[in-house]
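Modelling step: build the complete structure from the supplied sequences, incorporating the hints.
Residue numbers (this note's numbering), protein chains in the order written: chain A, 1 to 233; chain B, 234 to 352; chain C, 353 to 843; chain D, 844 to 1462; chain E, 1463 to 1756.
Worth double-checking, as some hints may not be accurate.
PhoX-like, lysine-lysine: derived pairs with alpha carbons at most 20 Å apart [as the list claims (entries may be wrong)]:
1. Lys943/D <-> Lys712/C
2. Lys943/D <-> Lys893/D
3. Lys939/D <-> Lys785/C
4. Lys159/A <-> Lys379/C
5. Lys1282/D <-> Lys1328/D
6. Lys346/B <-> Lys503/C
7. Lys265/B <-> Lys346/B
8. Lys865/D <-> Lys943/D
9. Lys501/C <-> Lys340/B
10. Lys503/C <-> Lys340/B
11. Lys1284/D <-> Lys1210/D
12. Lys378/C <-> Lys452/C
13. Lys939/D <-> Lys1287/D
14. Lys782/C <-> Lys943/D
15. Lys774/C <-> Lys939/D
16. Lys774/C <-> Lys991/D
17. Lys782/C <-> Lys1287/D
Estimated spans, in silico, between C-beta atoms of each pair [said to hold, decoys possible]:
18. Asp502/C <-> Gly990/D: 28 to 38 Å
19. Ser700/C <-> Ala1030/D: 47 to 57 Å
20. Thr547/C <-> Pro114/A: 51 to 61 Å
21. Ile1475/E <-> Tyr1361/D: 11 to 21 Å
22. Trp1740/E <-> Gly990/D: 42 to 52 Å
23. Ser702/C <-> Leu1295/D: 43 to 53 Å
24. Ile809/C <-> Gly990/D: 23 to 33 Å
25. Gly1196/D <-> Ile1475/E: 51 to 61 Å
26. Ile398/C <-> Phe1043/D: 47 to 57 Å
27. Val83/A <-> Ile859/D: 52 to 62 Å
28. Gln1432/D <-> Val1750/E: 27 to 37 Å
29. Ser794/C <-> Gly990/D: 28 to 38 Å
30. Asn158/A <-> Thr547/C: 56 to 66 Å
Please keep in mind that the hints were generated in silico from the structure rather than gathered at the bench.
For glycine and all other residues, C-beta sits at the position ideal for the given N, C-alpha and C.
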Amino acid sequence: MRRIVSIIILIIIAVGFIFAFSKIPFGKDKINVANYYIKKGIKQTGAVNIVTSVVLNYRGFDTLGEVTVLFIAAVGLGAVLFVERKIQKNMDDKEDKTKRASLILRTGSRLLFPLILLFGAYIFVHGHLTPGGGFQGGAIIASGFLLMYLAFPKQRINKKTSGLAESLSGLIFVGIGLLGLVFSGYFLTNFLPKGIPNTLFSAGIIPIIYIAIGFKVGFELTGIIDDLLERSR
Amino acid sequence: MSGIYNWMYYIASGGLILIGLYIVLVKTNLIKIVIGLNFIDTGINILLICIGYVRGRTAPIFSRPGISPANVVDPVPQALVLTAIVIGVAVLALALSIVIKVYQHNKTLNVTKIKGLKW
Amino acid sequence: MVNPSLLIAVPLAFAFSIPLFGLVSKKIGKYIPVVALLINVGISFILIPQILKKPAVVSIGGWSPPFCINLVVGPLGVFLVTLISSIGLLVAIYAISYIKEEPTEKYHMLFLLLITGATGIVLTGDIFNLFVFFEILCISSYALVAYNKDKEGTEAAMKYLIQGSVGSSFVLIGIALLYGMFGTLNMADIASRVTSADPTFLFISLAFLITGFGIEAAVFPLNAWLPDAHSSAPSSISAILSGIAIKTGVYGVARMIYTIFNADGILTFIAFLGLLTLLIGEMSAFRQNDIKRLLAYSSIGQIGLIVFALGIATSLGVFAGLFQIVSHALAKALLFLAAGYMIYRVGSKSIDSLSGLGRKMPLTSFAFTIGSFSLIGLPPFAGFISKFSIVYAAIQVKKPIFLVFVVIALIATVIEAGYFFKVVQNLYFKEGKNVDNVTETSGYIIVPMIILVISIIVIGIHPQFITGLLKGAAGELLGRTGYIGWVLGGS
Amino acid sequence: MQLITILIVAFLGAGIVYLIGKISGKARDILAVLASLIVVILVSLAYNQKIYTSFYPLPFLNLSLTLRIDPLSWFFAIAVAGIGFLSILFSLEYMKHYQKLDFYYSMMLFVNAGMLGVVLSADFLSLYIFWEIMSWSTYLLISYKGGKAVGAGLKYIVMSTVGSIAMLFAIVSLYTSYGTLEFSSLASLLQTASSGYILFLLIMFIIGFGIKNAIWPLHTWLPDAHAEAVSPFSAVLSGILVRIGIYGFVLVMYSIVGLNLLHKLGYGLLNFNYILCWIGAISIIIGTFIALLQDDDKRLLAWHAIGQGGYMILGISFGTTLGIAGGIFHTLNHCIYIALLFLVTGAVEYRTGGVRDLNQLGGLIKKMPVTFIGGLIGISGLIGIPLTNGFVSKWLIYKTLIMEKHPFLAFVALIGTWGTILSVYKFLHNIFLGQLPEKYKDVKEVPWAMRLPMIILTSVIILFGILPGIPLNVISGIERSFGIKPLSTIIFGMPREIGELNIINILAAIVVAGVFIYLIFSLSTRSRRVNQYDNYAAGSFIPKDKYQYSVRFYDPVYRIIGPYLRDVVDDFYYWLVEKSKSFFQGVRQIYTGNVNTYALYILLFLAFLIITKIGWGLW
Amino acid sequence: MVIKAVWIIVLPIIAFIIGVFFLGLSRKVIARIHRRYGPPIYQPVIDLIKLMNQKSISHGRLFDMGVILSLAGSIVLVLFIPFGGIAPLSGSGDFLVVLYLMLLAPLGVALSGGEGANPNISIGISRKMMLSLGYEVPLLFSILAVMTYYKTTSLVEITKAQQHLSWGVIYLPLPAIAYFMILPAMLGIRPFDIVSAPQEISSGPSVEYGGRYLALMTVEHAFHTFIVLALFVDLFLGGGNPFTFFVKMLVVFLLGLFIHAVFPRFRIDQAIKYCWKWPSILALAGLVIAYVVA
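Right, dumping it as structure tokens:
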């Protein structure tokens, strides 16, 4: 019964989709506002990656929100999965069911971990030049930590430090926005010199924010992994 | 043929969304429902990308010479997708954590059995 | 002129800095939201007179409006921001000593972010940015509903999350469709172009958006999450969810219908939907024995009333709806705060167990009484003015259908009166069973309640304090060309 | 300004009394009495004045709240203030053993202030506001005693809310049609309205005011509320609060709609007036005859309050000079004697430890003579024995009915009086006459603070009974203000052209005859005083305390009429409530707790929207 | 004015004499119907004198005052009911006043008896109340029929309208019959002597009365008899001069006595049901006719 009703409803919605999509021709040039970004983006922001300039400059506010969402997820996860320390200690004392990882994994991850970190850093530092950016880089860094967790289940990142890093990088983002407000009267304005496009030190605040985001995302995702791991024991 | 080619991506995205909705409607396992939500997210992301795509053009990154402004796709949907992905991840993470808690309290993942709150 | 972007930046910065303060002392964390929201309240009060003279359009990033995200601070925005930050401030004060469950600093961060999300929703002029802030609001409320980590809380959060995610997905689909059609995300820009688009297409995207925002607004078939979430969350969060969060959903729906789509045809349906919501909410509330669940269902009813008033779509109707938003926000926040502390003292959510508290907790019970009287719509409390205005607006349109609607709405009022009066009697006139060692609250708990009581009475007696602002806000919702003009600079 | 002062004193008094009460109980009591006394003085100073003030603008609705005083409002205001004062005076002793007295006094004053506001309002919005204030404060006071009172209070407030929304509907509709809510402007604007609209307005207002006034079939809250409230408040409730409904009727029917329009409503027997008077008549029958069956003294009086309300409706519904005068005068009289009777029951409760069951009392006349006299005069007024106030007003009403050729209504009114006699005699007999049970051997008369209000009310009943011209003079002023031919009065009764009624002659005749017989009586052989057990019992020994033959005093009549006198309306309301409760229970089953279902709702909504557009092409 | 003052004094005396005469007459007539000799017609007067000199007991102030009130009410009532065109106080009160003044007497008895604190009194009064409720229904119907028909509430005008043999009984036969049917109930004679049934409840309300109390009650009874009959004559038989008026009263009284003396005593519920059945139906029909005709 429920299935039949569901399918009927979904068919109706699908018809709606068809009506709607038929009005948006696929692959045709429908670019409207974005033309402005494409044409003036490099000049106005100094970033050759237009997506980055949209993400961090024209629509930087979205990104701030996005970072906040991730932050909320990390904090919320921590809040929901929070356990009193005492109980946790008791659990630690009892026994550790997780098996020790194999030698190959441990050695391999030790080898790969710095490389992954480096790669992640590369991604977010070059966010304004190449595809990629803070989120992507952060995710890569977090995957590095995930690898380490797999290899050394007993080791933990320092929660305090990671929390501080999250908090600080978030503050840097907001702070830069506020500085923009101070210097040019608009929140999140690019108040730094734009530099020469297509070089590393260009695009004003964009790389700085991306670095902050990179750290923030990296630590947040790691924190999420850490929290989930903690509960899985 | 070009019709199918034009519609293929829409079908994929709409299909993912509908499948996700179907899972949410019909499946009783919480994890599956969460996965369904993720399906919807993915579908929407594909939809956004489809909308921004212009046939025959390239990514809006001018790091290599030879890419003219007339030759790039819409950058905005890509930015939006970036945001949407992050939000999706956030929701997913939170959803899983809540599911863990729900499981601890109810010892089941079957939503038809988790009816402590009703009426 | 204070830059309105501070309204978002300040609480965000404070929220991010809570872990830093945590290094200094664990105790500072709970005062941070108070400080941040105090600043916000200050800013919004400074803004009100300025905005009423001339609405502000503030761009973020420094480019001209359609090309970057901008905040549109019209009368409506500033009104809602003032409401959000004031209620937020009071609840934050309440939470200082109410929240005892660890990890409190995470609670305060999430709380502050929730308020930020709500503020962003009502201020932003960009539809995708609206979605982002909407997600901030939703995700932080999912986490906060589950904050107590008990069986009920997590279950409610889970249900809320599933329905909320479906809703946000719909919002995003709607946004995607709009972007595909118009190639822009600025609401004013979209609004200025909608006439060129195919009506069916427009309606489908509107349907997705209404459904999406409707879930947060708790309109009838979409509100199943609300009773669970509101009743299982910590009471301070219930107060915020009822007082603010669902209002932002209503704001979303109203913004879509009035400003962006100019969908006159659907308004009567919206009014009907509101009426249905009102009836279902009040009926379901009538048989509750769980005080918070009762309040939650009553919130559904009140939202129905608000939506009904907005659906009338005359300037008076919208004015009345906005007034109802104020009076409901004040009253329901007060009720949840009072009920929350009673529950805390008594240890049970059932209405029967609250018997006899009038003697033991006189101030709290008094606050509860004032709140419920205001909700029922008794003079001289704020709820009376709003209810009177709604009835007046509905009759004034002189459409027979609205006459029928208003009669039904008034009947629903009777149901509401029935259960609220029952609870009040329970507090004062029934012998309590095990309330002997219950004591009155003090300090941070009682201050917000007293402030809310006073504001309910003051607004009830002297509604002119807010009517000017509300008139402007109603004008903003109905005058879409004006809105487009502010943002895009035309005319 | 004067009116504003009255209201400010009244409302502030209520607030201050509460605060003072937190400091000192004694000061609170004194202040409460003082506050109500000042209100009485202020209101009486406003006699014969015509004031109209606008006191509070509400610019966003383009309205301002206004107050006025005219004969009608003064008449009710003085009744409100007077009864309020006396019952607060009575409360001083009566309430001593109760708790939460701060709340009690403050609410008493608050109710009074609300009522004053209602009668002094000059526009419907202020009337509605004060009306609601009055309603909810009444609800709090009814529930004050807890226990059964809680149910009574809830019943009251729910019905009251229904009435309020009907009234609100009418008021708002008036406002949208005419753009003003002031009585005076509406009165002239409404003259051009269609009769259908007038009828709608009247029906709405009758529902609104009628629920307060407890006319059949809107009466069911009243018996519970009256019985369960504390006695001084029952006096206020039954005496004046309920009768604010009559004020509303008179206001709307004669001050605003006016006679000309009233007579145009309806055709033949379906005339508005005619239907209204039959409602009044049914109220009389239901009220007085159900009162006959009651064993609880306050409940008995409560049913009479319904019945007497029927008389007032009968009086005012005709719109003749005599009828309106009778109706309004009866309102005043009722307010005096029913207040007195409730105070009497209060006094009895006070001394017997809260006994209200008529079957357990008896013989208290020897112990509480003042209270007895209060009770006697009170029931005489209620019956309408000549020389008490109730007589004159009832006479006016009967006269109207017969003159207007409504013998059937007159029959109902008269037979209602007989029902009244039976039931109130039972009231008096079972409390004060007959055998004094052993357990009440040490009962004393009530203290002075309780005696004084009873004495005042008793003397007012006699005063108005003998000199009906005093209040009737004011009433003819009211009629003049309606533009109706005013009732010409003489101080002792009616002038010749209206009918044969001269109280002073009746009084003289009775006094002379009484004195004459008393002389004969005292000249004949003296008699010996004996105690209550020394009487004739056909030679058999009757044990003490088994000597009560007043249980089920009118048993044969109960058996005959009892089956027909169930309060079917009340049953119907209960049935309605039960049915809607189970319906509500059904409605909330839609929140099944299953999240799949909830998601289904969401998608159904979306699909519905889409299908309306694509499928049906709506919007 | 002087004449009026004289009548005010004389009329009660006349009423007293007629009433006492009827009391004596009724005992005699009933005795004769029972094939007894019966006491002399002046027996009540003898009784009165005897009772005034006998000792008695009192239960309190109200016990005394009630009796006085009762008698005073009856005496006053006489002044309001036209007796052969003479009604000295009829200008001060109309028929409605009369109806209400008729309450004083029973109320006085009830109050007085109430203080008597005897179970028999309670039962008696309860019966009296119920019985009055019973007969009031047809009584009010017939009275209203008369008032409706003649469009006045004044007794004087009602009698005036019936001059020259255009008696009320001709135009309003049904109410008249109804009134006549309940006449014994109003007078408290058979078959409606349930209130004072000596065998059951020891004379009911008057069980505690002795001496002067009983005397006053007897006088009251005499007045009551006069009033009820006078009212009937005024309403239905056109009044007349004092003599014809007396004759009409006598005829009505005897007729009533003859017809009713043969019935056994009703139980109280039977009495009420009786009153509410035939007399009420007749009177109601009369009222409807009067309403339609007038």
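Each hint tested on the structure:
Of the supplied pair hints, the one linking Lys943/D and Lys712/C holds, its CA atoms being roughly 12 Å apart against a limit of 20 Å. The suggested pairing of Lys943/D with Lys893/D is violated, with an alpha-carbon distance near 40 Å, which exceeds 20 Å. Distance restraint check for Lys939/D and Lys785/C: the Cα-Cα separation of roughly 25 Å exceeds the 20 Å cut-off, and the hinted pair is therefore not satisfied. Of the supplied pair hints, the one linking Lys159/A and Lys379/C holds, its CA atoms being roughly 19 Å apart against a limit of 20 Å.
Note on Lys1282/D and Lys1328/D: the hinted pairing is violated, with a Cα-Cα distance of about 58 Å set against a maximum of 20 Å. Taking the CA atoms of Lys346/B and Lys503/C, the gap is near 13 Å; set against the 20 Å cutoff, the hint holds. For the hint pairing Lys265/B with Lys346/B, the CA-to-CA distance comes to about 15 Å; that is within 20 Å, so the pair holds. With a C-alpha separation of about 10 Å, the suggested pair Lys865/D and Lys943/D falls inside the 20 Å cut-off, and the hint holds.
A distance of roughly 15 Å separates the Cα atoms of Lys501/C and Lys340/B; the hinted pair therefore holds under the 20 Å criterion. Our distance criterion of 20 Å between C-alpha atoms is met by Lys503/C and Lys340/B, whose separation comes to about 11 Å. Annotation: proposed proximity of Lys1284/D to Lys1210/D holds, straight-line Cα distance about 8 Å (limit 20 Å). At most 20 Å may separate the alpha-carbon atoms for a hinted pair to count; Lys378/C and Lys452/C meet this at roughly 13 Å.
With a C-alpha separation of about 17 Å, the suggested pair Lys939/D and Lys1287/D falls inside the 20 Å cut-off, and the hint holds. Pair hint Lys782/C plus Lys943/D holds up; C-alpha atoms about 13 Å apart against a cutoff of 20 Å. Of the supplied pair hints, the one linking Lys774/C and Lys939/D is violated, its CA atoms being roughly 27 Å apart against a limit of 20 Å. Between Lys774/C and Lys991/D, the direct Cα distance comes to roughly 13 Å. Compliance with the 20 Å bound is thereby established for this hinted pair.
Taking the CA atoms of Lys782/C and Lys1287/D, the gap is near 32 Å; set against the 20 Å cutoff, the hint is violated. The beta-carbon spacing between Asp502/C and Gly990/D, approximately 36 Å, falls within the hinted interval of 28 to 38 Å. Between Ser700/C and Ala1030/D the beta carbon distance is about 56 Å. The supplied range of 47 to 57 Å therefore holds. Between Thr547/C and Pro114/A the Cβ separation comes to about 58 Å, which falls inside the hinted range of 51 to 61 Å.
Restraint check, Ile1475/E to Tyr1361/D: a C-beta distance of roughly 18 Å satisfies the suggested window 11 to 21 Å. Separation of Trp1740/E from Gly990/D is about 49 Å and conforms to the stated range, judged on CB atoms against 42 to 52 Å. The hinted range of 43 to 53 Å is satisfied by Ser702/C and Leu1295/D, whose Cβ atoms lie roughly 47 Å apart. Here the CB-CB span from Ile809/C to Gly990/D is close to 31 Å, well matched to the stated 23 to 33 Å.
The given range of 51 to 61 Å is respected by Gly1196/D and Ile1475/E, whose C-beta atoms sit roughly 53 Å from each other. Against the hinted window of 47 to 57 Å, the Cβ-Cβ separation of Ile398/C and Phe1043/D comes to about 50 Å, which satisfies the hint. Checking the proposed 52 to 62 Å range against Val83/A and Ile859/D shows it holds: the Cβ atoms sit about 55 Å from each other. For the hinted restraint 27 to 37 Å between Gln1432/D and Val1750/E, the CB-CB distance of approximately 56 Å leaves it violated.
In this structure the hint that Ser794/C and Gly990/D lie 28 to 38 Å apart at CB holds, the actual value being about 32 Å. For the pair Asn158/A and Thr547/C, the beta carbons lie near 58 Å from each other, so the given range of 56 to 66 Å is met.
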